[in-house]
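Protein chains: 2
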Amino acid sequence: MQFRLLASDNKTKARCGEITTNHGLIPTPAFMPVGTQATVKTLTPLQLQETEAHALLCNAYHLYLRPGHEVVKKLGGLHKFMKWDRSIITDSGGYQVFSLERLTKVTDDGVEFQSPIDGSRRFLNPEIVMDIQHALGADIIMAFDECLPYPCEKDRVRQSMYRTVKWANRCLKAHNSDDQELFAIVQGSVFKDIREECTDRLVEMEFNGYAIGGLSVGEGNLLMNEVLEYTTPRLPENKPRYLMGVGFPLDILDGIEHGIDLFDCVIPTRNGRNGCAFTSNGKLKIRNSCYKTDERPIDKNCHCYACKNFSRAYIRHLLTSNEILGLSLMSLHNICFFENMMKKARQSIIEGNFLNFKSKFLSLQ
Amino acid sequence: MQFRLLASDNKTKARCGEITTNHGLIPTPAFMPVGTQATVKTLTPLQLQETEAHALLCNAYHLYLRPGHEVVKKLGGLHKFMKWDRSIITDSGGYQVFSLERLTKVTDDGVEFQSPIDGSRRFLNPEIVMDIQHALGADIIMAFDECLPYPCEKDRVRQSMYRTVKWANRCLKAHNSDDQELFAIVQGSVFKDIREECTDRLVEMEFNGYAIGGLSVGEGNLLMNEVLEYTTPRLPENKPRYLMGVGFPLDILDGIEHGIDLFDCVIPTRNGRNGCAFTSNGKLKIRNSCYKTDERPIDKNCHCYACKNFSRAYIRHLLTSNEILGLSLMSLHNICFFENMMKKARQSIIEGNFLNFKSKFLSLQ
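Residue numbers (UniProt numbering), protein chains in the order written: chain A, 1 to 365; chain B, 1 to 365.
One thing to keep in mind: the hints can contain errors.
Identical copies carry no separate label here, and so any pair may be met within one copy or between two of them.
Claimed, not checked - Listed below are the simulated DSS-like cross-link pairs for lysine-lysine, each with C-alpha atoms no more than 27 Å apart in a straight line:
| # | residue 1 | residue 2 |
| --- | --- | --- |
| 1 | 239 | 41 |
| 2 | 74 | 285 |
| 3 | 83 | 73 |
| 4 | 41 | 292 |
| 5 | 105 | 300 |
| 6 | 300 | 80 |
| 7 | 80 | 285 |
| 8 | 166 | 308 |
| 9 | 83 | 285 |
| 10 | 292 | 80 |
| 11 | 83 | 192 |
| 12 | 292 | 74 |
| 13 | 239 | 292 |
| 14 | 73 | 292 |
| 15 | 41 | 343 |
| 16 | 41 | 74 |
| 17 | 154 | 344 |
| 18 | 239 | 105 |
| 19 | 13 | 285 |
| 20 | 360 | 41 |
| 21 | 360 | 343 |
| 22 | 173 | 13 |
| 23 | 83 | 166 |
| 24 | 166 | 285 |
| 25 | 308 | 74 |
| 26 | 308 | 360 |
| 27 | 13 | 73 |
| 28 | 283 | 105 |
If you are wondering where the hints come from, they were derived from the structure by calculation, not from laboratory data.
Take these sequences, add in the hints, and give me the full structure.
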């Protein structure tokens with residue numbers, strides 16, 4: 001992997017660059033659609049390519065449970081399995097184990113939990129998670145971290161941070177794949193001293209990139225910005241920075257302003273399936289009866305397949321009739337909207353007017 | 001509309017031709033995927049075009065209930081609404097009213113029933129059904145008929161047939177659209193004399209084409225063939241014949257052998273969504289665990305997007321994980337399989353070896 005900075009904004013910490021992996025180039029800042037179970041819900045890889053997404057985030061946790069990482073490996077790895085020849089990041093499963101599972105037992109060694117699929121007891125620790133991600137074969141893989149709920153008591157956050165740092169170190173030692181880059185995940189909830197200590201310790205270990213985790217979990221945009229404000233300056237300039245699970249356009253543009261290079265979120269697909277379209281003039285609840293005979297596309301400024309071909313009235317009809325094509329068209333459009341926003345953000349950084357772009361973009365939202 | 005016969009089989013009544021509508025050519029015998037609610041479930045029009053489907057069947061009944069035929073008309077008609085620029089047939093709603101509705105009250109004037117969407121009382125009769133289909137604007141529209149369950153007492157079938165004939169006549173009188181061709185529907189369950197009388201009466205009225213309805217409702221393949229055996233010879237040679245709601249490959253090939261030109265059925269899409277793939281070597285239940293690591297495509301002889309790009313293992317993973325992409329890929333493949341079967345059937349009729357083709361094809365199913 002190579003990371004090259006192309007331009008930095010004068011007025012903010014925003015930066016524009018490119019990550020090169022074995023599966024091509026990711027222009028940054030980049031938004032990655034989420035393909036939890038080796039598919040970005042409702043879309044073919046061909047449709048996804050048309051959104052100009054350059055990388056996807058898949059979940060090691062889900063693929064470990066089903067179909068199993070060894071199955072994916074046997075079938076040639078995740079790229080071949082899901083027929084996506086651009087870049088892939090796999091999340092380590094930390095977030096999923098702690099947020100989705102009950103009956104979870106955490107020790108310094110690892111996490112025992114119950115599979116939601118077959119009820120079997122499962123155990124994950126840093127070494128196993130690295131094995132899983134090696135088998136899946138994503139271009140960028142994540143260290144196994146402990147994710148806490150929000151809010152959380154400071155003492156617990158500090159203890160958890162030390163565990164995350166130790167686990168990151170074990171991941172680093174267990175990482176033996178030349179084709180895959182390992183990123184660490186900074187935790188520490190909304191506590192400045194804990195985030196700073198976590199960041200410094202992880203930076204010392206020299207990972208290939210750094211993610212900021214444990215945000216977008218209910219703390220809100222203001223606190224998220226506070227954390228980014230004191231965390232990102234401690235991260236090395238020459239390595240990619242990834243804000244995990246973020247987010248709405250406002251959060252993403254704030255993240256870019258703080259020097260973040262990578263984002264992922266289910267919002268465009270999940271909200272799309274729920275009938276919410278993002279447009280250059282703000283959100284549009286496509287099920288509303290006011291769109292019943294609306295001949296216009298979802299967004300007149302969008303060039304996606306959905307906007308080029310279908311009226312709001314038709315897409316509304318599909319959603320109110322529970323037709324799957326409605327879910328696909330909404331997902332496709334929303335991902336295009338996010339990717340297009342990123343493209344404009346990159347352009348504005350290169351042209352030195354990111355803040356203008358940001359305030360104009362958000363004023364219409 | 002023009003209907004031109006290109007070739008007839010020497011040994012059977014099979015024939016090959018082409019129907020030309022304002023929206024292009026339909027090579028016959030043709031299989032039409034079903035787009036009940038103005039969408040062939042899970043597929044974009046672009047994906048559908050790739051299956052080489054030349055016509056779709058949509059349901060006037062469903063579109064009348066939602067979004068309403070006047071809405072579709074306001075939006076430029078069904079072709080523009082659903083972005084399908086090839087031919088469309090709309091079914092009259094007869095089958096739906098009688099098979100889907102409760103609290104149905106039938107008189108010679110028409111049918112009163114309760115909308116399953118909002119519980120409102122609705123009334124359809126031949127004139128209203130023609131209005132609805134004129135508003136939708138399909139290339140071929142169907143007369144309003146009474147559909148009986150199977151089995152059904154002969155006296156009731158005879159009375160119902162007379163009603164269907166009267167309603168067909170009222171449809172003919174109410175039909176005032178030059179751009180749309182009106183087909184009548186032959187009813188009569190499995191009774192030879194009733195089918196024959198119905199056929200003769202409808203043929204006298206000179207419709208643009210003739211459908212055989214009330215089959216594929218539980219009577220089985222043998223009885224279906226019996227009905228076709230005595231019904232199709234009474235239909236005019238120079239007009240298209242449409243066997244409604246049929247069927248499995250065996251039923252379709254039998255229909256072709258009896259001189260049928262058009263077929264529609266939900267089997268490829270519905271069975272696909274349920275995990276059943278049609279292949280050149282028979283049906284394949286993709287959820288079976290034997291496919292867990294199967295690297296092969298669904299059908300090595302198929303050139304569809306699903307078979308060109310994905311393994312059985314991946315599609316199995318999608319279906320067992322309840323991922324929508326699995327439903328799309330299965331639907332796409334199955335429609336391609338049916339369209340490809342039709343293409344080969346047409347070719348075999350032209351080459352004079354339809355029976356050979358049929359027996360070889362079915363021997364592998």
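Against the structure, the hints:
{"no.": "1", "hint": "239 - 41", "in the structure": "neither (30 Å within a copy, 45 Å between copies)"}
{"no.": "2", "hint": "74 - 285", "in the structure": "between (43 Å within a copy, 22 Å between copies)"}
{"no.": "3", "hint": "83 - 73", "in the structure": "within (14 Å within a copy, 40 Å between copies)"}
{"no.": "4", "hint": "41 - 292", "in the structure": "both (26 Å within a copy, 21 Å between copies)"}
{"no.": "5", "hint": "105 - 300", "in the structure": "neither (51 Å within a copy, 47 Å between copies)"}
{"no.": "6", "hint": "300 - 80", "in the structure": "between (36 Å within a copy, 18 Å between copies)"}
{"no.": "7", "hint": "80 - 285", "in the structure": "between (36 Å within a copy, 23 Å between copies)"}
{"no.": "8", "hint": "166 - 308", "in the structure": "neither (51 Å within a copy, 45 Å between copies)"}
{"no.": "9", "hint": "83 - 285", "in the structure": "between (32 Å within a copy, 22 Å between copies)"}
{"no.": "10", "hint": "292 - 80", "in the structure": "between (42 Å within a copy, 15 Å between copies)"}
{"no.": "11", "hint": "83 - 192", "in the structure": "neither (42 Å within a copy, 54 Å between copies)"}
{"no.": "12", "hint": "292 - 74", "in the structure": "between (49 Å within a copy, 11 Å between copies)"}
{"no.": "13", "hint": "239 - 292", "in the structure": "neither (49 Å within a copy, 39 Å between copies)"}
{"no.": "14", "hint": "73 - 292", "in the structure": "between (47 Å within a copy, 12 Å between copies)"}
{"no.": "15", "hint": "41 - 343", "in the structure": "within (23 Å within a copy, 33 Å between copies)"}
{"no.": "16", "hint": "41 - 74", "in the structure": "within (23 Å within a copy, 32 Å between copies)"}
{"no.": "17", "hint": "154 - 344", "in the structure": "neither (39 Å within a copy, 71 Å between copies)"}
{"no.": "18", "hint": "239 - 105", "in the structure": "neither (34 Å within a copy, 73 Å between copies)"}
{"no.": "19", "hint": "13 - 285", "in the structure": "neither (34 Å within a copy, 54 Å between copies)"}
{"no.": "20", "hint": "360 - 41", "in the structure": "neither (31 Å within a copy, 39 Å between copies)"}
{"no.": "21", "hint": "360 - 343", "in the structure": "within (15 Å within a copy, 55 Å between copies)"}
{"no.": "22", "hint": "173 - 13", "in the structure": "neither (32 Å within a copy, 74 Å between copies)"}
{"no.": "23", "hint": "83 - 166", "in the structure": "neither (35 Å within a copy, 56 Å between copies)"}
{"no.": "24", "hint": "166 - 285", "in the structure": "neither (45 Å within a copy, 46 Å between copies)"}
{"no.": "25", "hint": "308 - 74", "in the structure": "between (40 Å within a copy, 19 Å between copies)"}
{"no.": "26", "hint": "308 - 360", "in the structure": "within (25 Å within a copy, 44 Å between copies)"}
{"no.": "27", "hint": "13 - 73", "in the structure": "neither (40 Å within a copy, 53 Å between copies)"}
{"no.": "28", "hint": "283 - 105", "in the structure": "neither (41 Å within a copy, 45 Å between copies)"}
Violated hints for the displayed structure, listed by number in ascending order: 1, 5, 8, 11, 13, 17, 18, 19, 20, 22, 23, 24, 27, 28.
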